[in-house]
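Residue numbers (our numbering), protein chains in the order written: chain A, 1 to 246; chain B, 1001 to 1143.
Do not rely on the hints blindly, as some may be mistaken.
Interface residues of chain A toward chain B, partial, derived using beta-carbon atoms under 8 Å [unchecked claim]:
hint, residue
1, D71
2, G85
3, G160
4, H203
5, A205
6, M223
7, Q224
Hints listed in this document are in silico derivations from the structure and should not be mistaken for laboratory results. Predicted model only: the values in this text are computed from it and were never measured. Cβ coordinates follow ideal geometry from the N, Cα and C atoms, glycine included.
Now for the letters of each chain:
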Amino acid sequence: MSDTTSVTFRVHRYKQGDEDPHHDRFAVEVGPRTTVLDALTAIRRTQDPTLTLRHSCFHASCGTCGMKVNDHEVLACVTNVRELGTDEVRVEPLDNAPVVSDLVVDMGPFYARFDVAERPLVRESELVPGSHTAAGVPQSMRYEDCIECGICVSACPIAGTDPAYLGPAALAAIDRVRQEPRGVDVGPIMRLADDPHAAWRCHLAFECTEACPSNVDPAGHIMQLRRSLFARGWRRPSAEPQGARR
Amino acid sequence: MTERVAGADRRVERQGRRRGVMGWVDVRGRRLGGWAFILNRLTGLGVLFYLYLHLIVLSQLAVGPSAWDSLLRNWFLNPVFLLLDVVLLAGLVIHGLNGVRLALVGFGIVIDRQKALLLAFGVLGAILIVIGALRFISDAGAK
Chain A
1 MSDTTSVTFR
11 VHRYKQGDED
21 PHHDRFAVEV
31 GPRTTVLDAL
41 TAIRRTQDPT
51 LTLRHSCFHA
61 SCGTCGMKVN
71 DHEVLACVTN
81 VRELGTDEVR
91 VEPLDNAPVV
101 SDLVVDMGPF
111 YARFDVAERP
121 LVRESELVPG
131 SHTAAGVPQS
141 MRYEDCIECG
151 ICVSACPIAG
161 TDPAYLGPAA
171 LAAIDRVRQE
181 PRGVDVGPIM
191 RLADDPHAAW
201 RCHLAFECTE
211 ACPSNVDPAG
221 HIMQLRRSLF
231 ARGWRRPSAE
241 PQGARR
Chain B
1001 MTERVAGADR
1011 RVERQGRRRG
1021 VMGWVDVRGR
1031 RLGGWAFILN
1041 RLTGLGVLFY
1051 LYLHLIVLSQ
1061 LAVGPSAWDS
1071 LLRNWFLNPV
1081 FLLLDVVLLA
1091 GLVIHGLNGV
1101 RLALVGFGIV
1111 IDRQKALLLA
1121 FGVLGAILIV
1131 IGALRFISDA
1141 GAK
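The shape of chain A in the complex, shown without the other chains (with noise of 0.2 Å):
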């Protein structure tokens, strides 16, 4: 006997050129493993191939898949539909950044904040003997453990309302910096740290560490920021938002 359950889902959908976003609803029969990114890939192969989402990995390593189901910001390939607990699903967008189409949103601004952070990089292929970067790849340039999903970003209630924000993930990778400079001068990043648009911009509600799947906890990196930034009795260089540039 099969152990399938009809769910419904509905789902963001927006084209470049729409007037209005709208959803869409489709019945998608799902089983006791079935994952929200599982029903998604089947709405488009099944149902309706102009379906437009983002994934890779299937496994929450690429955080490439990260959405909005039932309001909470998740990764689709690793949420359980059944565990979700309701009959309808509502699969949106990452709030706080651009929508491209559907349920994909332009992660350009996001990345660019990290790569204005200079995110510290230590990636486990760093510490395998032999190991190696790709040709054309200086070095490594990926911050340990997060996946650059987004996820923390749409979750924070200051990155609906301050555009310069440089936002929890940028943030914490300045504090792993900080942690472990390998080499690098702090100091240019920790004044980049201690702007109005930076760590003194958090105002402390968790969301992004209760959010994040890689377990980062971005908040407590922006605390232990703000504890050292006071330690260290850093003094804002010049009125000049060094948070708003990229």
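Assemble the complex: chain A is given as a structure, and chain B must be docked to it using the hints.
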């Protein structure tokens, strides 16, 4: 089936579904810290509103003793105002205790225990509000 997103317009998409100020009081999907964030803003605005209201009421003192006594008799002993006193007390307690929590966590003094601190201050705040409310009611009954 297709349905429109309530209140949606192209501006929303260009801005990237940025929640804006209304997102501060949007409780959908919020967790414990998010609720504390929302409560802190609402109580902050409430206390600010009360401050101006208080100054306006105090201006009656300049009119004379009879005007002030009349205000007390006709308004402030009214049960509705007693209820508003309890609301004011709740706002002050929540904003004050949460402010202490934010200072302790925000300067990196208590980072790892921030959630426990929130729960502890929540319990303490509830006790203070209940005690204050009972005191208001008993005082009003004695008058």
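Evaluated hints:
Because the smallest distance between the Cβ of D71 of chain A and any Cβ of chain B comes to about 3 Å, under 8 Å, the interface hint for this residue holds. With its C-beta approaching chain B no nearer than about 15 Å, G85 of chain A sits outside the 8 Å limit, and its interface hint is violated. Restraint check, G160 of chain A versus chain B: the minimum CB separation of about 3 Å is within 8 Å; hint holds. Proximity of H203 of chain A to chain B holds as hinted, the smallest CB-CB distance being about 6 Å (cut-off 8 Å).
Restraint check, A205 of chain A versus chain B: the minimum CB separation of about 4 Å is within 8 Å; hint holds. Contact between M223 of chain A and chain B, as hinted, is supported at the beta carbon level, the nearest pair being about 5 Å apart and thus within 8 Å. The closest approach between the C-beta of Q224 of chain A and any C-beta of chain B is roughly 6 Å, which is under the 8 Å cut-off, so the hint is satisfied.
The earlier numbered hint that this structure contradicts is number 2, and it is the only one.
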